[in-house]
Amino acid sequence: GENVEQHPSTLSVQEGDSAVIKCTYSDSASNYFPWYKQELGKRPQLIIDIRSNVGEKKDQRIAVTLNKTAKHFSLHITETQPEDSAVYFCAAFITGNQFYFGTGTSLTVIP
Amino acid sequence: EAGVAQSPRYKIIEKRQSVAFWCNPISGHATLYWYQQILGQGPKLLIQFQNNGVVDDSQLPKDRFSAERLKGVDSTLKIQPAKLEDSAVYLCASSLEVGVREQFFGPGTRLTVL
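Going down the list, the sequences are from chains A and B.
First residue of the first sequence? That's 1 in the working numbering, and the numbers climb one at a time after it.
First residue of the second sequence? That's 1 in the working numbering, and the numbers climb one at a time after it.
Looking at chain A on its own, in the form it has when it is part of the complex (with noise of 0.2 Å):
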């Protein structure tokens, strides 16, 4: 099956910085990849997603990259604010089979 890897765990930032957190996967049938953000004792939502005919997509400050050669892809969060700490899970989806989910990244951003 799909075997989906995240990094970093843990991710400080000062306000107004840039957070990156990256997400490699083994099936190169994968054909969509979510993130989602997860707040502490709340329900993952999604954020932003990409599917793998797309190269990047971008959503105020949020973007997603994606490089299907190399199998991975990424979460750009742009001029970070208090309110963007949470834990961010990525997410690989095979057409008619399921999601795999990545460990989560833990998003401190420091006022």
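Certain hints may be false.
[Stated by the list, open to error] Cross-link-like lysine to any residue pairs, in silico, SDA-like; alpha carbons within 25 Å at most: (1) K62/B <-> K68/A; (2) K42/A <-> K68/A; (3) K68/A <-> E102/B; (4) K42/A <-> I13/B; (5) K78/B <-> Q60/A; (6) K71/B <-> I13/B; (7) K42/A <-> A20/B; (8) K15/B <-> G41/A; (9) K83/B <-> Q50/B; (10) K71/B <-> V55/B; (11) K44/B <-> S28/A; (12) K42/A <-> L46/B; (13) K11/B <-> G28/B; (14) K42/A <-> Q60/A; (15) K71/A <-> G55/A; (16) K11/B <-> E102/B; (17) K42/A <-> I12/B; (18) K58/A <-> G1/A; (19) K78/B <-> Q36/B; (20) K11/B <-> L46/B; (21) K42/A <-> E85/B; (22) K42/A <-> F104/B; (23) K71/B <-> P8/B; (24) K44/B <-> L46/A; (25) K42/A <-> L39/B; (26) K62/B <-> T112/B.
If you're looking for bench data, these hints aren't it; they were derived computationally from the structure.
Remember, it's a predicted structure, so these values are computed and weren't measured experimentally.
Mind docking chain B on chain A? Use the hints.
Just chain B now, with coordinates in the frame of chain A:
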């Protein structure tokens, strides 16, 4: 639009006891997922339903876990008997159908096994 509902939100039991969780997906969503999220890890799929049929239960420990979605709407997940390592958050999620990728998560049930 109402979200995915789960109950209870918290449950504490002793090992070898039984426990059941309930999930009500978003109205009209045919696909329902149960995930186990152990502290510090990402969600792991336990079982996936399409309407009232099982699509994937390959990672469900069937000797102690069972799940059903009899009418293709609500679902229950049961653990009998529970072990210490079952302590986790159990997340339910739903999506319109198997081919639709976006899934919506419920608030989860935090299970503590003592």
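Quiz item: So which hints don't hold here, by number, going up?
Solution: Failing hints, ascending: 1, 2, 5, 6, 9, 13, 16, 18.
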